[in-house]
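Chains as they are written, first to last, in my numbering: chain A, 3 to 592; chain B, 3 to 318; chain C, 5 to 289.
You may find that some hints are simply not true.
[Said to hold, decoys possible] Which residues of chain A face chain C? A few of them, derived with a C-beta cut under 10 Å, are: (1) A287; (2) L370; (3) L459; (4) R508.
These are calculated hints, taken from the structure and not from any lab test. Backbone N, C-alpha and C define an ideal beta-carbon position, used for all residues, glycine too.
The residues making up each chain are set out below.
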Amino acid sequence: MTDRTRSDLRSFMKQSWDEANDFDPADPMAGLNRSDLAGPQLGRRTVLRLLAASGALTATHLLPGAVPQAQAATGGTLRAGWSGVGELRTIDPAQINQVLLFQISSNVLSGLTHINPALQAEGDLALDWEVNGDGTEYTFNLREGVTFHNGDAFTADDVIYTYQRSKDPEKSIHSRVVANIKDIEKLGEHKVKIILGAPQASLLVKTLERSSGRAMTIVSRGAIESMGLSEYGLKAVGTGPFKVTDHQLGQSMTLERNEAYWDPNRPGVDKVIITPIIDPEPFAAAMEAGDIHISGGNPIPPELVDRFESNPDLVTSIIPGPGFQGIFMNPWRDPMKVTDFSKPVEELKKEKGFMVRLAIAKAIDRELYIRQAHFGRATPAYGTINPAMGYYYDDAIAATSEQRFDAEAAQAMLAEAGFPGGEGFPELRILCTASTRRDCLVIKNILKKNLGINIELDVKDFPVLLDEFRAMSFDLCRLGSGGDFDPDDGIVDWIQTESKFNGRDRNKDEMPFGWFSDPEVDRLVTEQSVTADPAARKALVQQANQISSDKVAQAFLYHPSDTMVWRKEVNFPDASRIPGLVDLDRVTLS
Amino acid sequence: MTLYILKRSLGAIVVMWAVATLVFFMLRLLPGDPLAAMMFDAGDPAAADVLRVKYGLDQPIYVQYWRWFTLMLQGDLGASIYGSRVPVSQILLEAAPRTLSLAFLSFIVAVIIAIPAGLVSALRRGRPVDHGVTFIAFVGLSMPDFWLGILLILLFAANLGWLPAIGYVPMSEGVWTWLSHLLMPAIAAGTAFSAIIARMVRSSMLEVLKTDFIRVAYAKGLKPNQVVMGHAFPNALIPVITVMGIAFGLLMASTVVVETVFAIKGLGRILIEGILNRDYPVVQGAILAVSFIFVFVNLLVDILYGVIDPRIRVQG
Amino acid sequence: MSATETVQRRTFAMVVRRDPRALAGAVFLAVLALAAIFAPWIAPHDPNAMDYMMMEEPSALHPLGVDDLGRDLLSRIIHGARVSLFVGIVTVGIALVLGVGMGILAGYYRGWIDTIIMRYIDLQWAFPNILIAVYLVAVFGTGLLNVMVAITLAYLDDFARIARGMTLQVKEELFVQAARSYGASDLLIMVRHILPNILAPVIVLATVSVSNAILAEAVLSFLGLGVSSDTPTWGLILSEARSFISRAWWLGVYPGLAIMLTVLAINFLGDALRDHLDVREGANL
Numbered sequence: 003m004t005d006r007t008r009s010d011l012r013s014f015m016k017q018s019w020d021e022a023n024d025f026d027p028a029d030p031m032a033g034l035n036r037s038d039l040a041g042p043q044l045g046r047r048t049v050l051r052l053l054a055a056s057g058a059l060t061a062t063h064l065l066p067g068a069v070p071q072a073q074a075a076t077g078g079t080l081r082a083g084w085s086g087v088g089e090l091r092t093i094d095p096a097q098i099n100q101v102l103l104f105q106i107s108s109n110v111l112s113g114l115t116h117i118n119p120a121l122q123a124e125g126d127l128a129l130d131w132e133v134n135g136d137g138t139e140y141t142f143n144l145r146e147g148v149t150f151h152n153g154d155a156f157t158a159d160d161v162i163y164t165y166q167r168s169k170d171p172e173k174s175i176h177s178r179v180v181a182n183i184k185d186i187e188k189l190g191e192h193k194v195k196i197i198l199g200a201p202q203a204s205l206l207v208k209t210l211e212r213s214s215g216r217a218m219t220i221v222s223r224g225a226i227e228s229m230g231l232s233e234y235g236l237k238a239v240g241t242g243p244f245k246v247t248d249h250q251l252g253q254s255m256t257l258e259r260n261e262a263y264w265d266p267n268r269p270g271v272d273k274v275i276i277t278p279i280i281d282p283e284p285f286a287a288a289m290e291a292g293d294i295h296i297s298g299g300n301p302i303p304p305e306l307v308d309r310f311e312s313n314p315d316l317v318t319s320i321i322p323g324p325g326f327q328g329i330f331m332n333p334w335r336d337p338m339k340v341t342d343f344s345k346p347v348e349e350l351k352k353e354k355g356f357m358v359r360l361a362i363a364k365a366i367d368r369e370l371y372i373r374q375a376h377f378g379r380a381t382p383a384y385g386t387i388n389p390a391m392g393y394y395y396d397d398a399i400a401a402t403s404e405q406r407f408d409a410e411a412a413q414a415m416l417a418e419a420g421f422p423g424g425e426g427f428p429e430l431r432i433l434c435t436a437s438t439r440r441d442c443l444v445i446k447n448i449l450k451k452n453l454g455i456n457i458e459l460d461v462k463d464f465p466v467l468l469d470e471f472r473a474m475s476f477d478l479c480r481l482g483s484g485g486d487f488d489p490d491d492g493i494v495d496w497i498q499t500e501s502k503f504n505g506r507d508r509n510k511d512e513m514p515f516g517w518f519s520d521p522e523v524d525r526l527v528t529e530q531s532v533t534a535d536p537a538a539r540k541a542l543v544q545q546a547n548q549i550s551s552d553k554v555a556q557a558f559l560y561h562p563s564d565t566m567v568w569r570k571e572v573n574f575p576d577a578s579r580i581p582g583l584v585d586l587d588r589v590t591l592s
Numbered sequence: 003m004t005l006y007i008l009k010r011s012l013g014a015i016v017v018m019w020a021v022a023t024l025v026f027f028m029l030r031l032l033p034g035d036p037l038a039a040m041m042f043d044a045g046d047p048a049a050a051d052v053l054r055v056k057y058g059l060d061q062p063i064y065v066q067y068w069r070w071f072t073l074m075l076q077g078d079l080g081a082s083i084y085g086s087r088v089p090v091s092q093i094l095l096e097a098a099p100r101t102l103s104l105a106f107l108s109f110i111v112a113v114i115i116a117i118p119a120g121l122v123s124a125l126r127r128g129r130p131v132d133h134g135v136t137f138i139a140f141v142g143l144s145m146p147d148f149w150l151g152i153l154l155i156l157l158f159a160a161n162l163g164w165l166p167a168i169g170y171v172p173m174s175e176g177v178w179t180w181l182s183h184l185l186m187p188a189i190a191a192g193t194a195f196s197a198i199i200a201r202m203v204r205s206s207m208l209e210v211l212k213t214d215f216i217r218v219a220y221a222k223g224l225k226p227n228q229v230v231m232g233h234a235f236p237n238a239l240i241p242v243i244t245v246m247g248i249a250f251g252l253l254m255a256s257t258v259v260v261e262t263v264f265a266i267k268g269l270g271r272i273l274i275e276g277i278l279n280r281d282y283p284v285v286q287g288a289i290l291a292v293s294f295i296f297v298f299v300n301l302l303v304d305i306l307y308g309v310i311d312p313r314i315r316v317q318g
Numbered sequence: 005m006s007a008t009e010t011v012q013r014r015t016f017a018m019v020v021r022r023d024p025r026a027l028a029g030a031v032f033l034a035v036l037a038l039a040a041i042f043a044p045w046i047a048p049h050d051p052n053a054m055d056y057m058m059m060e061e062p063s064a065l066h067p068l069g070v071d072d073l074g075r076d077l078l079s080r081i082i083h084g085a086r087v088s089l090f091v092g093i094v095t096v097g098i099a100l101v102l103g104v105g106m107g108i109l110a111g112y113y114r115g116w117i118d119t120i121i122m123r124y125i126d127l128q129w130a131f132p133n134i135l136i137a138v139y140l141v142a143v144f145g146t147g148l149l150n151v152m153v154a155i156t157l158a159y160l161d162d163f164a165r166i167a168r169g170m171t172l173q174v175k176e177e178l179f180v181q182a183a184r185s186y187g188a189s190d191l192l193i194m195v196r197h198i199l200p201n202i203l204a205p206v207i208v209l210a211t212v213s214v215s216n217a218i219l220a221e222a223v224l225s226f227l228g229l230g231v232s233s234d235t236p237t238w239g240l241i242l243s244e245a246r247s248f249i250s251r252a253w254w255l256g257v258y259p260g261l262a263i264m265l266t267v268l269a270i271n272f273l274g275d276a277l278r279d280h281l282d283v284r285e286g287a288n289l
């Protein structure tokens with residue numbers, strides 16, 4: 003980044019922060035009513051503005067769900083099936099690398115914040131918080147009287163212990179998540195100050211969040227020291243609504259109600275038994291027979307969803323899921339070679355390599371592709387920002403992206419690039435894994451039909467695929483991301499020149515960048531990550547998303563749906579229906 | 003006898019060492035970085051480098067081998083490097099009962115079916131029963147075990163709903179629950195084994211029935227039942243036991259496959275998942291455990307055979 | 005070698021004529037081989053052509069139904085026969101040549117060659133072939149070539165063991181001694197005198213091994229360790245079908261049936277050969 007842009011950025015940040023503060027601090031509720039707070043779009047913005055304006059966010063009093071509600075605690079045992087997994091390897095947040103695991107840890111451990119169904123942050127172990135003027139210092143009042151499952155009291159020391167543990171890459175795999183935190187100061191037994199290196203828009207929704215970030219999911223020092231790491235991984239001790247009472251690797255995990263949970267109305271059931279079930283067929287059989295009440299784990303295979311939907315004993319809930327999937331195209335290889343993405347799209351469209359890239363992206367009829375490859379259970383994707391992010395998602399992108407389906411235009415482009423009807427087009431290899439193989443067969447079929455080109459499947463084990471992906475030794479690579487809750491997850495991680503998977507192990511002499519690099523996108527992405535005002539951030543996020551879509555950073559395919567299934571006797575309130583998560587604390591059985 | 007057992011045991015240990023060493027080096031030649039894969043969702047490639055140093059995967063391969071080998075001699079098989087640091091010994095100890103339960107039950111089911119079938123077949127040689135048994139044995143031997151598993155699930159779990167299609171439940175949760183989960187896998191894994199044993203019992207019985215010893219028994223005026231069960235059958239069993247030992251390998255191999263079909267997290271499943279994730283310590287541990295079971299069973303059969311038939315000892 | 009070939013042909017004809025099961029097996033295999041060779045002409049559809057009508061029941065148009073991607077199952081099974089038979093025959097063929105070679109060398113020369121080869125055989129002997137194939141694919145990686153190498157290596161030791169044992173016997177026979185006294189070279193003795201005389205059990209073993217190799221390929225594909233390009237193999241078709249079986253039973257039943265019938269046919273043939281050539285039961289284990 004040049005000095006000029008850096009100073010631009012600083013003044014920009016200042017301005018946006020001032021705008022966000024443009025409220026009457028005396029009355030944070032000015033002009034807002036409950037419906038403002040409940041709406042999925044205004045909600046986030048309102049809360050953040052409130053936060054900035056009042057300097058004292060008391061989210062627990064404002065947002066639905068966090069308010070202790072009168073709720074009939076009916077008790078009983080809830081049996082959950084975790085699909086597509088053979089064992090629940092660890093729920094130690096420092097080790098969790100899969101969504102299906104933090105779905106569980108979110109029921110056992112707490113963070114300072116927790117996301118709600120609209121992906122807004124609510125207070126969890128934090129009662130409320132204040133932010134300083136430039137957005138670099140957050141002071142949190144912690145909930146008092148909270149105890150860990152082993153009886154230890156929760157204090158500011160635990161926040162600091164967790165931070166120290168997480169920032170050490172030897173102890174946690176999430177050290178990067180807290181990289182922007184410079185220090186955490188203890189201001190009192192139940193008061194901490196988090197000092198940031200730079201303002202960070204995703205702090206509350208990601209870094210401090212108990213599931214998506216995991217780095218600041220509060221762990222128990224006493225338990226880690228007395229149990230040892232591997233035992234802690236199996237039966238982590240936290241402050242969450244449930245405590246683990248039994249867990250053997252490869253078998254069910256038993257959770258029991260935490261009687262000392264800070265919200266006396268939760269959890270609604272006495273006991274939860276989580277059973278990993280790796281195969282779809284046994285999973286479906288267990289669901290239908292009532293052996294399990296509710297689904298969790300890896301996404302339910304779409305081929306089962308119809309079956310569940312037609313079953314009167316089951317409730318199927320489908321919402322947009324947090325993630326995207328696409329095809330990466332190596333810009334350093336013919337015939338899709340593009341060595342400079344910084345030109346305007348119209349300029350790029352005159353280059354043969356770009357024509358091929360765009361032709362491939364445009365030739366994929368995403369509706370038909372989704373129907374065949376995912377049985378209709380997904381949303382067409384044109385960028386990395388997913389519809390679960392609600393507010394930040396651009397509804398119009400399907401119509402505006404250069405990648406929108408148009409077979410004729412794609413054919414014309416391919417012809418102009420020198421391959422009329424696919425003639426003379428080399429056979430490209432697409433890297434995939436056993437689990438994306440079926441999907442790639444569909445793509446192969448579509449490209450053959452619409453462009454007359456042939457691609458060959460190259461099925462590799464995931465670690466090998468990743469090696470080749472990072473070394474940029476592929477023609478096409480079928481990959482994507484899941485668990486993207488904050489725009490940063492989609493764009494900082496995926497479309498910047500310095501993004502972590504953007505050709506990290508490539509030969510840097512031969513390939514100055516990985517699979518995509520555009521200074522304009524880099525600038526927008528960096529800017530949004532320090533922009534506190536949601537509206538301003540949204541504009542930046544969507545702009546970056548649009549450019550990376552138009553310039554074919556990847557040929558985007560789909561955003562997965564988040565499907566949950568439960569039996570009729572399960573009451574799963576909307577307040578717990580958070581994309582990607584399976585929070586069971588508000589669930590009751592009738 | 004003691005010398006014989008000692009000699010054989012030593013041989014068995016050498017075989018295990020050779021397998022473990024081969025696997026160790028061959029695994030390291032495989033492409034694919036387990037840590038990078040693990041860090042994909044966690045999202046911090048730099049942390050993968052730190053972990054690589056921490057787990058010693060950056061060291062020269064002979065250093066890694068020596069460390070692994072010396073630790074193994076002390077009973078430390080290391081810890082999983084994918085997902086969490088669960089000790090390999092713990093993983094194996096939890097998985098072994100599942101695999102052994104399955105193998106044991108398969109064995110029982112197979113023998114219960116095979117011995118009467120083989121006997122009847124031999125006693126009714128050339129009759130329709132014999133042809134029927136032989137034909138069924140052939141079909142059993144030709145049926146892919148995993149396919150049989152799928153068919154059983156289709157029929158008994160999906161259509162009839164008699165048996166659970168899912169996984170494994172330890173015996174501590176009730177013998178019937180345990181059994182009901184293992185019944186279909188045991189049949190799937192044991193069928194080929196059963197076919198081999200049935201054929202072996204048949205031919206062995208036919209051999210014995212031809213001998214003078216049996217003719218004498220008949221001549222003495224013993225009843226056919228007494229001759230068959232009291233004289234012929236015990237003698238016919240000796241060769242069957244050797245074959246059982248060899249065929250037990252087949253049974254174990256079947257359990258590896260059948261575990262996948264029935265989602266039982268046994269040694270086979272652990273081995274295959276370990277391979278797919280490049281979880282070196284787990285793969286090494288699982289291969290060691292599976293090899294141990296084989297070598298141990300072979301050894302046991304040899305010794306048993308030696309006890310039954312002293313001639314072997316002299317040759318050994 | 006021509007004399008041996010005639011003997012083999014005669015043997016085969018006799019075996020098949022005598023045993024109705026062997027006849028049925030031979031006819032089935034012949035039909036299958038023809039179907040495999042002429043698959044592109046026989047298969048009613050392109051095995052990889054997809055359609056948006058997915059998981060359609062068997063009908064006149066699609067006699068065995070349609071799979072989860074709208075592909076014709078019958079056509080896929082016919083094309084799958086190509087790979088399955090190819091893998092079975094080629095792997096066993098190579099294992100036979102290498103294994104018998106090793107076995108004859110070991111048995112003929114004894115000494116250090118024998119020691120090395122026997123150590124290797126003993127090592128593999130401790131494990132069932134299918135597991136060895138799994139180990140090997142684990143270290144070689146997946147894909148058609150690797151699967152074939154793994155299966156070949158897994159079955160090598162069986163041939164070496166039998167060939168060695170038989171060579172030890174045959175070596176002491178009078179005609180070998182006689183040839184040696186004429187000053188025949190070692191190579192000549194091994195090829196002209198020993199090889200033809202150890203072939204009977206090797207042929208029986210090869211027959212059974214082909215069926216086992218076909219099963220091994222299916223198992224590896226099913227475990228996700230096998231052939232995984234877009235070439236259909238029976239194991240792969242089954243493995244792909246796994247998630248859809250309860251909605252489309254035909255996807256689970258027919259590919260498995262194809263495997264079973266083929267293996268059964270080979271086993272019938274092998275059994276008849278064994279009886280005819282008077283090879284003892286234990287030889288194939």
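Q.
Take the shortest C-beta to C-beta distance between A:A287 and chain C; is it under 10 Å?
A. OK, holds: A:A287 within 10 Å of chain C, min 8 Å.
Q | A:L459 as an interface hint toward chain C, with CB separation required under 10 Å | A | Hint holds; A:L459 Cβ to chain C Cβ min 5 Å, cut 10 Å.
Q | Hint status (Cβ of A:L370 to nearest Cβ of chain C, threshold 10 Å) | A | A:L370 check passes; min Cβ-Cβ to chain C is 7 Å, inside 10 Å.
Q | Supplied contact hint for A:R508, tested at 10 Å Cβ to chain C | A | violated (22 Å)
Violated hints amount to a single one, hint 4; each of the other numbered hints is respected by the structure.
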